[in-house]
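Asker: One-letter residues, chain by chain:
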Amino acid sequence: MSNDAATAEAEGTAEAATPVPEPIPHGLGASLPPADARAKTEGTFPYAADLWAEGLLWAAVLRSPHPHARIVSIDTTHAREMPGVRAVVTHEDVPGTPLHGRGAHADRPVFASDVVRHHGEPLAAVAADHPDTARMAAAAVIVEYEVLDPVTDPEQAFEAEPLHPDGNLIRHIPLRHGDPEAAGEVVVEGLYRIGRQDPAPIGAEAGLAVPRPDGGVELYLASTDPHGDRDIAAACYGLSPEQVKIVVTGVPGATADREDQGFQLPLGLLALKTGCPVKLTATREESFLGHTHRHPTLLRYRHHADAEGRIVKVEAQILLDAGAYADTSSDALAAAVAFACGPYVVPNAFIEGWAVRTNNPPSGHVRGEGAMQVCAAYEAQMDKVARKLGLDPAEVRLRNVLATGDVLPTGQTVTCPAPVAELLQAVRDFPLPDLPKDTPEDEWLLPGGPEGAGEPGAVRRGVGYGIGMVHMLGAEGADEVSTATVKVQDGVATVLCAAVETGQGFTTLARQIVQETLGVDEVHVAPVDTDQPPAGAGCRGRHTWVSGGAVERAAKMVRTQLLQPLAHQFGMSTELLQIADGKITSYDGVLSTTVAEALDGKELWATAQCRPHPTEPLDEAGQGDAFVGMAFCAIRAVVDVDIEIGSVRVVELAVAQDVGRVLNPAQLTARIEAGVTQGVGIALTENLRTPRGLIRHPDLTGYALPTALDTPDIRIVKLVEERDVVAPFGAKAVSAVPVVASPAAVASAVRAATGRPVNRLPIRPQAAVATGT
Amino acid sequence: MTTHAPQAAQAVTLPTTLDEAVAALAAMPAAVPVAGGTDLMAAVNSGQLRPAALVGLGRISEIRGWQYQDGHALLGAGLTHARMGRPDFAALIPALAAAARAAGPPQIRNAGTLGGNIASAAPTGDALPVLAALEATLIIAGPDGARREVPVSHLLAGMEMLRAGELIGYVRVPLLHAPQVFLKATGRTGPGRATASVALVLDPARRGVRCAVGAIAPMPLRPLEAEQWVASLIDWDNGRAVVPEALHGFGEYVAAACIPDEPPAEDGSVPPLPPAVLHLRRTVAALARRALGRALS
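Line order of the protein sequences matches chains H and G. Heads up: the first sequence is residues 1 to 773, going by our numbering. Heads up: the second sequence is residues 1001 to 1297, going by our numbering.
Quick caveat, the hints were computed from the structure, so don't treat them as lab data. Among the clues, some could well be false.
What the hints assert, rightly or not - Listed below are several chain H residues computed to face chain G (Cβ distance under 8 Å; list not exhaustive):
id, residue
1, V210
2, E285
3, G448
4, L684
5, T707
As the list claims (entries may be wrong) - With beta-carbon atoms standing in for the labels, derived distance ranges:
id, chain 1, residue 1, chain 2, residue 2, range
6, H, P450, G, H1072, 27 to 35 Å
7, H, R692, G, L1049, 24 to 32 Å
8, G, L1049, H, E81, 23 to 31 Å
9, G, R1086, H, R723, 55 to 63 Å
10, H, L169, G, P1272, 36 to 44 Å
11, G, A1027, H, R692, 23 to 31 Å
12, G, H1248, H, R692, 33 to 41 Å
All C-beta atoms, glycine included, are put in the ideal place defined by N, C-alpha and C.
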């Protein structure tokens, strides 16, 4: 069905002339297919790696092989002398500020100058006329290191020599809420470890830098935060922001802050230095070395509960390994501390969180950051409470769930819809999948796969629950604003907004919003560059809310401009006119004209901004109204575990989610399925190993992303549509919260199947073995 | 000035017979033979290998099939995993077919070959424990039509090496007409490298059980004593019956033989194995027990 629709749309308006046109879905609530679906399926959609410019040079970046070393000298003589090499740049060639960083901390050098702090840190970059020459020249840069002991254990970071002039502690939040003396009848404790997930975008990093005649530079990148990246680049190049333009190309996968400044800043420097276009396409290995990862986290929890299983007090210590540089670790820590108790009513909470520097690869924003790690821990604690009291795990959770009007440990009252109980009941009551022995005609896909070693007699089935919450938009006083422009001419609307389509479906949503508001079918969304006003980074559901809101306001302004003359002419208010299918009609049917006629050759433009209500930073006790809105999700996992070998197969994940309002059912389903699958990866296989600070196996064989066989049946059993009154359309972000809840649900199910504690993610086979030790 | 490498310098030869291929390698000593390229191209892409010339083996039809030879199958080194995974091949050598089906995603199985699996000799090569258990013999083609035979275990153990200009032509495998099992443990449900694998074949004519454990050492390991011990417990004339305890004992025996305890300390105490190694040993024991159980059931 959606295929037909995509075809009809791609072939344009010619279809509309046929007597009975296929109804193309349009407007909010319809499953409008993405406009670029066909190009992406057929492989004709251009990504940054496909770009070309006449006379371009190829760049390569020299990266540190050591996690921690003092740089004695860097000798680029040999590299410069190689035939075909046009420029070699090091820290000495950075004209602007040498340090940059996302978030509050500018602590990261463009090129390491005196010390390298992580494996893969850039030291130099080369531009040459062939990619191989560039790589060989980068390898010919002679760096003399004095290798230092790396600090790789975040617990050691407090006592270790400072890795950075700012020290090793990036942020400490000691959250205090309620009565520290409160105690419950049962106490459960646990120590949990979460591994290092890599966002592993399917398209590795690539970019093209083109020098401009005015001394500036244009960067063609798959940036998810073009204005943020531009400001960093301009500061490092010593240029004004207007002299640096980032043009966003197709984004081949982004579940995180996608771009790695370690290659994108050198790219522009090389273009400025050589006066030629410079291109770089990262190998998979460089991609793993370059971009930031999810924070590995160590969590220590103590839950106090009364005899009925109601939580009395939660004490927790949360330690985030930020790696060598701060990046957005402060934000991740705030989310981890604020949501440390989960979507449960906890009257007394004492949570200490730290984010520390180590010589591990830097951590940054990956969706569900902070919230995902604590979810795995607090849900494990809920399982322990249930076990200790002999209660059903779902029942214990139901006795504690949060609802609208309850207070978070940060002191913030939950004002948005919080239908947590409804979500949990929905997944609990959904029928369990058949055991294979009940339906012998279906082949049983055993843990270990179709040609694996699984043996039915050793397989145990387990059922577990995970309930997650995330905040939407930036927190703690971040200025969340987006600007959008809507233009209508000849019955065709165009949206200009710097919100990047990262795969989250923003361009489709923008088309739907304009279709709904202006009644025109044909809506185009212009490509994004930094000449447009900022729209912020594409993360935490920002664009659905802020940019979607801005598009709606701009479209409404255009609507008013369009209808005002007509309304005036007929002596009625614009509210009494409606637009549908390109026709304007009045409530009484007296007036009927087309949008094109009403436009009368005019072009209507409107620009609007959307800025949600402000938030405030967490204070020194971790208190404050830090979040604009929250979204919730409950997942029930069913797993099969081969208890002798410890192999796990997730059979089914039943998802119930609080979505506010469904704007595009097909897109929504795809986002939830993608998020759940990413969570299955965290639960079972995804862990970038860094023994002694060195990244091992930076490839997709060593780093196992879930394949179709690893991905379970995903059943979306309920989407609760309780509109969030402060959000545009009442819709909530949907992508991040399934990532948060699904690892916890899988771990809970493995716990039920094996009786083992399962306190580490990803779950190692030896932790899922139920016989012997 | 440009450093763009002219394409002509990269000579690619596509011989159609084994002897032509050997001659091409002799003519260009710097040339690298390539069959499926599933390992070679990964090395090229990562910059570890920049072959000056390639000898493509894909057009040598004589090594892309198999023939029968006095109770043995003579398998061409160019057989792909996909071909070996098909039912007609599985009826001949079931364990090799199972290993071929487990050897990765379809794209890899369509390209990767038996000979390439042997030549790469990766510890996780799925065909290798099967060939070790079958006691397969390699027929290696050398210059001027020379052929020499090398047991696969000798090559994998480094006792004999491929000499310059030689190619693996065929693999001779006995046809045992008895159950064979290949089992592989991986970290996931989808295709993945083995953390441990066990190949087990029954040889009813010689009343033998032959077993090889893959992926836990640089080459497949043969627990010879465990094989002999369990073969003596099987009632070969009576439907190959065996007591269940023997299956458990065999699993433990194989695991302990392949993953031995640390040598005792000076005071005689045996230091415990690290948990990850213990788990690997437990996995090998389970695989060996299951493999024998399935072969005898």
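Asker: Taking the hints in turn, state whether each one holds.
Answerer: Now for the hints, and whether the structure bears them out:
1. Restraint check, V210/H versus chain G: the minimum CB separation of about 21 Å is more than 8 Å; hint violated.
2. Among the interface hints, the one on E285/H holds; its C-beta lies about 7 Å from the nearest C-beta in chain G, closer than the 8 Å criterion.
3. Residue-level restraint check for G448/H holds (minimum Cβ-Cβ distance to chain G is 6 Å; threshold 8 Å).
4. A distance limit of 8 Å between C-beta atoms decides the matter here; for L684/H the minimum to chain G is near 7 Å, and the interface restraint holds.
5. Given hint, T707/H at the interface with chain G, holds; its Cβ is 3 Å from that chain's nearest Cβ, closer than 8 Å.
6. Evaluation of the 27 to 35 Å hint for P450/H and H1072/G yields a pass: the beta carbon distance comes to about 30 Å.
7. Between R692/H and L1049/G the CB atoms are about 27 Å apart, so this pair conforms to the stated range of 24 to 32 Å.
8. At roughly 26 Å, the beta carbons of L1049/G and E81/H sit within the given window of 23 to 31 Å.
9. Under the hint 55 to 63 Å, the C-beta atoms of R1086/G and R723/H, about 57 Å apart, fit the expected range.
10. Take L169/H and P1272/G: their Cβ atoms lie about 37 Å apart, and the range 36 to 44 Å holds.
11. In this structure the supplied range 23 to 31 Å is violated for A1027/G paired with R692/H, their Cβ-Cβ distance being about 47 Å.
12. At about 40 Å, the beta-carbon gap between H1248/G and R692/H stays in the expected band of 33 to 41 Å.
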